[in-house]
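Here is what each chain is made of, one letter per residue.
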Amino acid sequence: MRHTISVLVENEFGVLSRVSGLFSGRGFNIESLSVAETVDPSVSRMTIVTSGNDQIIEQILKQLNKLISVIKVVDLTGADTVDRELVLIKVNADPETKTEVLRLVDIFRAKIVDVAPRCYTVEMTGDEAKVKAFLQLLRPVGIKEVVRTGLVSIARGM
Amino acid sequence: MKMSGAEIFVKALADLGVDVVFGYPGGAVLHIYDELFKNTKVRHLLTRHEQGAVHMADGFARASGRTGVALVTSGPGATNTVTGIATANMDSIPIVVFSGQVPTLMIGNDAFQEADIVGITRPCTKHNYLVKETKDLARIMKEAFYLASTGRPGPVLVDMPKDVLMSTAEYVLPKEVSVRGYHPNYEGHPKQVESAIRALLEKERPVLYVGGGIILSSAASLLTDFARILGIPVTPTLMGMGAFPGTDPLYMGMLGMHGTYQANMAISHSDMIVALGARFDDRVTGKVDEFAPHAKIIHVDIDPTSIQKNVPVDIPIVGDLKDVLKKMIKLVKGTKEAAAYREKIAPWREQVRKWATTHPLSYKKTKGKIKPQYVVEQVYELTKGNAIVATEVGQNQMWAAQFYKYDRPRTFLSSGGLGTMGYGFPAAIGAQVAMPGKLVVDIAGDGSIQMNIQELATAVQYRQPVKVVILNNGVLGMVRQWQELFFQGKYSQTCLPQIPDFVKLAEAYGAKGFRATRTEDVAGVLKKGFEADGPVFIDIACDPNEMVYPMVPAGAPLTKMLLV
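As given, the protein sequences belong to chains E and X, one line each in that order. Under my numbering, think of the first position of the first sequence as 78, with each following residue one higher. Under my numbering, think of the first position of the second sequence as 882, with each following residue one higher.
Hints were generated in silico from the structure; no laboratory data involved. Treat each hint with caution, since some may be false.
[Stated by the list, open to error] With the C-beta cut set under 8 Å, the calculated list includes, among others, these residues of chain X facing chain E:
| no. | residue |
| --- | --- |
| 1 | H1008 |
| 2 | L1028 |
| 3 | K1056 |
| 4 | V1058 |
This structure is a prediction, so every number in the text was calculated from the model and none was measured. C-beta: ideal position from N, C-alpha, C; glycine also.
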């Protein structure tokens, strides 16, 4: 099963490598990992999307907790969360496809952030389903390049 | 007053109570060595290889319970420590390794003798540091010793760039350590402990399966009390040797791949396994799916990751064994239930005893070549079990575990998890440094001893009277055993036709050498060797065809043992 794990870590060099090395060294899978500083500059938050059976997830959570640089580990799976991912998509914008791109951008509340003679770069944020749907609809138009941040997730309310 | 990083390093070592460092100098740590030259509180032992230094620190730690310290230079000095660090990591041994590093500004430039040792050792340390500023050095050292020795112990590496050692800062050694991501849980949950005891008392065929955690937690006497109060048979892992008296009637011997018939049968028929500071290594479980098929499992460990990692556990207890065993003992000591339980499981003890008599540990005492098991037995006879025994890895290690009885913790030093050939001799030297009055014996093979034989110079220089008993069979015995059993006797690269004359070699280093080639000479030669001053090699020509039995082939269930 897929799990989204939120990890607070010391904001030091090498921490990302400790965490990713834990996954690679033990044969666990990382689907996505995003990390940045929190309001406290000495602490960073990682959102890790991974998958495995209950036993593997239990090990992942425990092993993460065991790292000295890890301050807190929360498995957000099943919790009421807000999930977002940012994608930048470079898409064909020929005279015959332009309108379709603009229409989709509008529907998905995306934004065109760069324009070139034959292509647009589109910025879109949303949860996984929305990103997936948007990419699917843009595919026939001709996607040249995609870059995604990976999921970030936060529990709702207090 | 401001001090240089090198001065801070040496002062902090002394203030942290370190009086022995095993090390090897080099360009990046020259300033430290200059400080050590002036210092009288910290004793430095010059080893002949950095791997030797780390194993010595490890042996020092295992024998004494104190944190071992190694100091090396950058680049090759640092990379030579990796095997020693990984060894300590697998066996949870508290050591701190200090490595020199090229100056901060040169890091990442592929400078002379540069290696990213923090990156290299990240997966095999409990934690590691690169010191970026001189003002942080003392604090990091304090943290390093704290992390190494608390919770589940382990190796910590501190990498110190040369400029950090040369620059100055105020010396501030913090009183307290606070690492916000590190809170080992020492106290076992009382409700869990209670339910464990309740579940245990309902069962009829219990086994105490004990590992190195008992020794690390200094809980051996509590374990002994607990086992005796309830009359439960005990089996240790390789790392748990000495955690429970090897001469006690409840002792079943080691379990697992080369465990006793008694221990493996007991585990396989048990209805309740109480695992204490042991982690269900594959060398212990055999085929995991068929491990202890009838048993509920109570697992006590300070490290939550050990629980549920290899086998499903019914009652997990995270905590320090000292705390948990105290709580367990409190619940049963002097109670009617305990007495009734001892009575109730008497038939089980009888069954266990029968298994011991049907297939005891033994070997064929044929005439001719010396049997290595006999040598280990003679070492036991001579030392009356009072020695600290280190081992190399392979057949010598298994025979040392099977045929010597360890009554006290910290008397059996062996590379369990990593299986590091070349471990025993330097570890024995480290143990001897920690325990000057003790007889320290390294039981070695002719293959293993050659992996760190250069440390004989260290032993001679510092007059460390370690006795090395070489079970010399001219082969890499354990690998050869596998080739014999599973590769139709094709001895690919396991014969060692070119073996040095260990007696002459010992003499060349300034040590003493003795040799036995006939069974009737073994006891006499051992006695002469043990009584001689200084380090000694005792070369014993053993039967190359001798195998370690019982043996559970890899991947087989524990009940499928090959017996003598």
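Against the structure, the hints:
1. With 8 Å as the threshold, the beta carbon of X/H1008 comes within range of chain E, its nearest partner Cβ sitting at about 4 Å, so the hint holds.
2. The beta carbon of X/L1028 comes within 6 Å of a beta carbon in chain E, closer than 8 Å, and the hint placing it at the interface holds.
3. A cut of 8 Å between beta carbons decides the hint on X/K1056: the least distance to chain E is about 20 Å, and the hint is violated.
4. Because the smallest distance between the Cβ of X/V1058 and any Cβ of chain E comes to about 11 Å, over 8 Å, the interface hint for this residue is violated.
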